[in-house]
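Enquirer: Build the full structure now, drawing on both the sequences and the hints.
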Amino acid sequence: MTNAWTDIKNTDLAIVMGGNAAEAHPCGFKWVTEAKANRGAKLIVVDPRFTRTAAVADYYAPIRPGSDIAFLLGVIRWCIANDKVQWEYVRNYTNATFLVREDYGWADGLFTGYDEEARRYDMTSWEYQIGEDGFARVDPAMTDPRCVWNLLKAHVEVYTPDFVETVCGTPKDRFLKICEMIGTCAAPDRVMTSLYALGWAQHSKGAQNIRGMAMLQLILGNVGLRGGGINALRGHSNIQGLTDIGLMSNLIPGYMNLPRDSEPDFATYMASRAFRPLRPGQTSYWQNYRKFFVSFQKAMWGGAATAENDWAFDYLPKLDIPSYDILKMFDMMAKGEVNLYFCQGFNPLMSFPNRAKLTEGLSKLKLLVVMDPLQTETAHFWENHGAFNDVDPAAIQTEVLELPTTCFAEDEGALVNSGRWLQWHWPAATPPGAARGDVWIMSSIFRRVRALYEAEGGAFPDPILKLSWDYADASEPTPEELAKEMNGRALTDLADPADATQILLAAGRQLQTFGQLRDDGSTMCGCWIFSGSWTEDGNMMARRDNSDPGDAGMFLNWSFAWPMNRRILYNRASADLAGKPWDPARKLIEWDGAKWTGYDVPDIGVTAKPGEVMPFIMTNEGVGKLFSRKGMVDGPFPTHMEPFESPVENLLNPALRGNPAARVFPEDLAQMATGDEFPYVGTSYRLTEHFHTWTKHNLVNAALQPEFFVEISEQLAAEKGIRGGQQVRVWSKRGEVWAKAVVTKRIKPMICAGKTVHVVGIPLHWGFTGVARKGWGPNSLTPFVGDANIQTPEFKAFLVNIEPVEGGPLA
Amino acid sequence: MNKGLSRRSFLRLAGAGVAGTSLGALGFGAAEAAEVAHVRAFRLTATTETRNTCTYCSVACGIILYAKGDLKAGETAELLHVEGDADHPTNRGTLCPKGAALKDFALSPTRAVKPRYRAPGGADWQDITWDAAFDKIARAIKDDRDQNFIARNDQGVTVNRWLSTGFLAASGTTNESAWLTYKTVRALGIVGFDNQARV
Amino acid sequence: MTGRAPEPVTAAANPPVEPLEANLGARDVVRASAMPNLPAPDRSLTEVAKLIDVSKCIGCKACQSACAEWNETHPEIGVNTGVYENPPDLSAEMFTLMRFTEYDNPDTGNFEWLIRKDGCMHCAEPGCLAACPAPGAIVKYSNGIVDFIHENCIGCGYCIIGCPFDVPRISPRDNRSYKCTLCSDRVAMGQGPACAKSCPTQAIVFGTKAAMIEHANDRIADLKSRGYANAGVYDPPGVGGTHVIYVLHHADQPSLYAGLPDDPQVAATVSAWKGANKTIGLAAMGLAAAGAVLHGLFGRANRVSAEDEVEAQALVDREREGDA
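Residue numbers (the working numbering), protein chains in the order written: chain E, 1 to 811; chain C, 1001 to 1199; chain B, 2001 to 2324.
Derived by calculation from the structure, the hints in this document are not laboratory data.
Treat the hints with care, as some may be off.
Distance condition first, Cα-Cα at most 30 Å in a straight line; then the derived DSS-like pairs of lysine-lysine [unchecked claim]:
1. E:K366 to E:K774
2. E:K466 to E:K366
3. E:K745 to B:K2224
4. E:K720 to E:K748
5. E:K748 to E:K733
6. E:K774 to E:K745
7. C:K1072 to E:K364
8. B:K2224 to E:K172
9. C:K1136 to E:K335
10. B:K2224 to E:K748
11. C:K1136 to E:K466
12. E:K42 to B:K2224
13. E:K630 to E:K595
14. E:K177 to E:K42
15. E:K580 to E:K84
16. E:K484 to C:K1072
17. C:K1114 to E:K364
18. B:K2224 to E:K84
19. E:K42 to E:K748
20. E:K774 to E:K42
21. C:K1114 to E:K774
22. E:K733 to E:K335
Just a sample of chain E residues kept apart from chain B, beta carbon distances all over 10 Å, derived [unchecked claim]:
23. A37
24. D320
25. P706
Covered by chain C, per the in silico footprint, the following chain B stretches (three or more residues, Cβ under 8 Å) [as the list claims (entries may be wrong)]:
26. 2003–2015
27. 2026–2040
Where is the CB? At the ideal position from N, CA and C, for every residue including glycine.
Expert: So this is what it looks like as structure tokens:
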């Protein structure tokens, strides 16, 4: 989220598209109902199903799963055509004026540089015209045909209301009504917020769905303002934190990257990270990368990371491919290339696509280690549960360890919420049985491995033997010790660069902010964006002052938000070029003639003069990007793409299937179906009564929604002879499930490209362990392919068939 | 009650009692309630309160855990009830159907409560001690890493990666355990490392 | 004890853990079943109410979850029968239930998903209490809460017949009648009901009845501004008003909302008992109650059904013949 949950109360218009906030985030959605009740805000819902969010919406429109880009670019086209543009914002705070290279172009659904064989783009042409001064060329008048604004206008021209209706199945009148509602928020004193989740991310072009909305919000001038922004509603209590700390294949904490094979040494690594400003006077904050990186290496390897060994650069593994994400690892597993696998609080057997392939992969491991508070399906994948898990235990040679861990009620530490707040919590209960915390378990494993390397030697033991382990009790570091490491501290006295006699921070002191980091080894910091969370003043994450000056919704003294306790990212953009709030009634920060002041921590140097330093200080441009330059592997603008499995062809280019730049493994491509064999569109989702496959272990939640079901329209039910409550079989090219049928008016057939499209809704909460009735998840059916940029599996649009069943496996 | 009581005699008995009540209701007698009106004893009196955060979605609602026993005082503590924290700026005391039943997660009958081992081809779990489990894991890590560690790629570039072991990290654990997990997994050279951000 | 709990004004508060004297009890009973001559209480509590704004309700069932957790009930893990209602009905283990209605609005052409939290309405003229033959089994407190004193319950099921909203349910476990207490134990400690505390969108709020009516009027103004010309409050006069009130977008058609009675009245049979034939009526009722107890004993239906009534009447007739 660019903004905070509590900030949603400041909005004039909430659009929930690509998510279902009322069901998946009920207590955050509260702030939409507050905005409606207290400031007359409106709520729009666009969703294939009439959800429980739609039940309280002012306006609802259906959309075919997987067609969101066409809808969003249609809205952008309408806004441009109808002068619903926040011109001053667009001209000054976006790259609309930047000139793009002459050889960039788009035709037939593809951008320049596509290599069909390799399924990838050469991005060379997706670049600005760079002047002799080294800066990007701009045309403030926006008359040059090569400026981003004019390229965008041309790019969206095809997305007419008729095209949107044809592709999306959204009735034209409903689409136009929504355009009008959205268009009102181009006024400087009107603000829209976008609330989305995996409904946008879980497509082979998920990141481009989100870009479509981000671009619209820039055009409306709604980024950085109270009540605005682009708000990803994260799914798990600490998935924001896990991502911030970089627990992904290619990340280093604080959104730095592991080196690639093409960066054999530290100098090359840094050279490819020259975050030079593309416009005069801009900040491009990533210029501090080296400070963040060296301080991270010092946190990892302490004294073993020195200037002489390039700060232990070689202790980090390098990547030969963009990432070894879960899909890649399970593909390798199915090929027998993985021997050991650890699942810490993660149930992949019910979470990732093509369950048959997952089971095959797990069955080829030598050892599977599961650490979890619950008895997960993954830990029990080798057990036969009849049709619910039809395996032969005797044929599975995998050793399995199921290690019981503590849960929230029994552990201490911080979680990062969707609004980037780090909130500390305390334990209240004794763990059941032999359950222990993750820290103790990971420490125990690591220390044993280290002891083996000490005793026996072995493959490159240095990063293991020299890993910093400076804890009072080596067997179980405390949450405080670990939190302080992430915040970072001075390793030697830090002198003022302007006056060496002045010590800014004494050796051993906690950092106040990442602004104090150095690249000479004199500071350490596990996760630079968390700097300020545990300072010499104590644990900032444990703060509980809920006062809210100006009723602004910022709560600056409650917990700590990264970065620097800032609650709304890009908040400099909430004020005009001169530093005055666009909407005085919605003031966030303003320029008082000498400095920035207000309700939030300014997202700009506090004395950076308005008009000189632009609001988007993390970008090389200093402005928001309508054209993403080389940031996305599948295009600098979004373009309409069909899902890999779609009932209709891509109208822009019938030869294209799915996202042309998405990685897809050959065996999986062979398992992709067409609409002839599998005529109905399947889509997966959460229900408000459950959380993933966790709450089916809870008695009360199991009672509230006891059994796996699928939802279909009355029309499809009539066509197939299916009664409500009856058992049905749903199958795809990859697997089959049995479920109860919920026949509803909330799903209606849509007409797309002249075809009637039926949607089969498939919730994801059941499995074969727990106390609810046994069932399946949609992942028995879904295709094994992810988004081209971020590898989110395509769970929201795939093809299935359905039939009524008498006497199936359900009771 | 005695099920052997004859239907007819019971009817007379009960009917008489109820008829008496009815007459009482009409003011012909002074019927008395057997039990005086009262409300249920308040469940949270003398419990220990602890501030915590909901373990499910990213709204991160503030919660209060009510326990019998005080963990901070070194006592064994049993979770009795969970309620939204009315002081919390985001949820202001509210909770969704998952959050309101958080106690059921902590006390689930299908929680994992002891380390267990499943042998190759086995049909059942066997109990195992933590020590034995860790020894088995450490040995497996050491052997697989030594055998499959890639120090240099085909071009001779130092790459120091280990591909034959993978690690999936939790989505509900703390930053602090995530950091310790990051340190240990990366130090081993694992790149098949991921979290639940995508599902 | 560190003092007496205050009277509640909101559900948005954290409950006390220090020992406090309950501020609701026998001395606050203004009416009790089958006990007509109760002395008037020496004090009168402020009337409270729970407001359910269906236009804010997202049907999440947090109220059901919080209710089961607070009251420590154990709703059954059932099956899916093709609808979202689960458990399928109110029960002695589930005091409140979201009911879902799919409605194609003929006036606007829009589809609407109407979701209503069902449960005890805490009527000012409680039909259950009027019908109950067991002394002190149902009481009404001066703050408006209608509560069941289970020790006094004989399990006859007459409260169900007496209830115009079909709310109480007999437990197969102990053959006693159960329903929402408005969390009388929380109210006694100055707190609001668990459902209102948990409700994520604050579609359920709690306070004095006067404050709730005022809040309802604000909500109705907002709904009217959004085109719901018939938005209104549901506080039905046929039962003397209620201490659970609704804001409905279609207040002209309450029955759209899963059969919420358009004009609920205390059941005709219950009213008749208060009329000219009350002696005979009450005698019949008492015997019907006895019959119901027997049914419970012999493992049959726990509720007084129409069939039970006929059978009870036959028993009464036979008894009369026998006595004669």
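Enquirer: None of the hints should be skipped; say for each whether it holds.
Expert: Hints, verified against the model:
Pair hint K366 (chain E) plus K774 (chain E) holds up; C-alpha atoms about 28 Å apart against a cutoff of 30 Å. Straight-line distance between C-alpha atoms of K466 (chain E) and K366 (chain E) comes to about 28 Å, which keeps the hinted pair within the 30 Å bound. A threshold of 30 Å between alpha carbons decides the hint, and for K745 (chain E) with K2224 (chain B) the separation of about 26 Å falls inside it, so the pair holds. For the hint linking K720 (chain E) to K748 (chain E), the alpha-carbon distance of about 15 Å falls within 30 Å, and the restraint holds.
Proposed proximity of K748 (chain E) and K733 (chain E) is supported: the alpha carbons are some 24 Å apart, at most 30 Å. Distance check on the hinted pair: K774 (chain E) and K745 (chain E) sit about 27 Å apart at the alpha-carbon level, within 30 Å; holds. Proximity of K1072 (chain C) to K364 (chain E) is assessed by CA-CA distance (about 45 Å); at most 30 Å being required, the pair is judged violated. With a C-alpha separation of about 27 Å, the suggested pair K2224 (chain B) and K172 (chain E) falls inside the 30 Å cut-off, and the hint holds.
Restraint check for K1136 (chain C) and K335 (chain E): the C-alpha separation of about 24 Å stays at or below 30 Å, so the hint holds. The suggested pairing of K2224 (chain B) with K748 (chain E) holds, with an alpha-carbon distance near 28 Å, which does not exceed 30 Å. A distance of roughly 23 Å separates the Cα atoms of K1136 (chain C) and K466 (chain E); the hinted pair therefore holds under the 30 Å criterion. For the proposed pair K42 (chain E) and K2224 (chain B), the alpha carbon gap of about 14 Å is at most 30 Å, so the pair holds.
A threshold of 30 Å between alpha carbons decides the hint, and for K630 (chain E) with K595 (chain E) the separation of about 34 Å lies outside it, so the pair is violated. The hinted pair formed by K177 (chain E) and K42 (chain E) meets the criterion: a straight-line CA distance of about 13 Å does not exceed 30 Å. With a CA separation close to 22 Å, the supplied pair K580 (chain E) and K84 (chain E) stays within the 30 Å bound. At roughly 22 Å between alpha-carbon atoms, K484 (chain E) and K1072 (chain C) fall within 30 Å of each other, so this suggested pair holds.
About 25 Å separates the Cα atoms of K1114 (chain C) and K364 (chain E), which keeps this hinted pair within 30 Å; it holds. Between K2224 (chain B) and K84 (chain E) the CA atoms are separated by roughly 28 Å; this keeps the pair inside 30 Å, and the hint holds. Proximity of K42 (chain E) to K748 (chain E) is assessed by CA-CA distance (about 24 Å); at most 30 Å being required, the pair is judged to hold. Distance check on the hinted pair: K774 (chain E) and K42 (chain E) sit about 40 Å apart at the alpha-carbon level, beyond 30 Å; violated.
A threshold of 30 Å between alpha carbons decides the hint, and for K1114 (chain C) with K774 (chain E) the separation of about 24 Å falls inside it, so the pair holds. Note on K733 (chain E) and K335 (chain E): the hinted pairing holds, with a Cα-Cα distance of about 20 Å set against a maximum of 30 Å. Not every C-beta of chain B lies more than 10 Å from that of A37 (chain E), the closest at about 6 Å, which undercuts listing it as non-interface. Against chain B, the non-interface label of D320 (chain E) holds: every CB pair exceeds 10 Å, the least being about 46 Å.
With a least beta-carbon separation of about 5 Å from chain B, P706 (chain E) fails to lie farther than 10 Å from that chain, contradicting its non-interface assignment. Under the rule that three or more residues need a Cβ within less than 8 Å of chain C, the assignment of the stretch 2003–2015 of chain B holds, with 5 such residues. Look at the stretch 2026–2040 of chain B against chain C: 7 of its residues bring a Cβ nearer than 8 Å to a Cβ of that chain, three or more, so the hint holds.
Hint check: violations occur at hints 7, 13, 20, 23 and 25; the rest are consistent with the structure.
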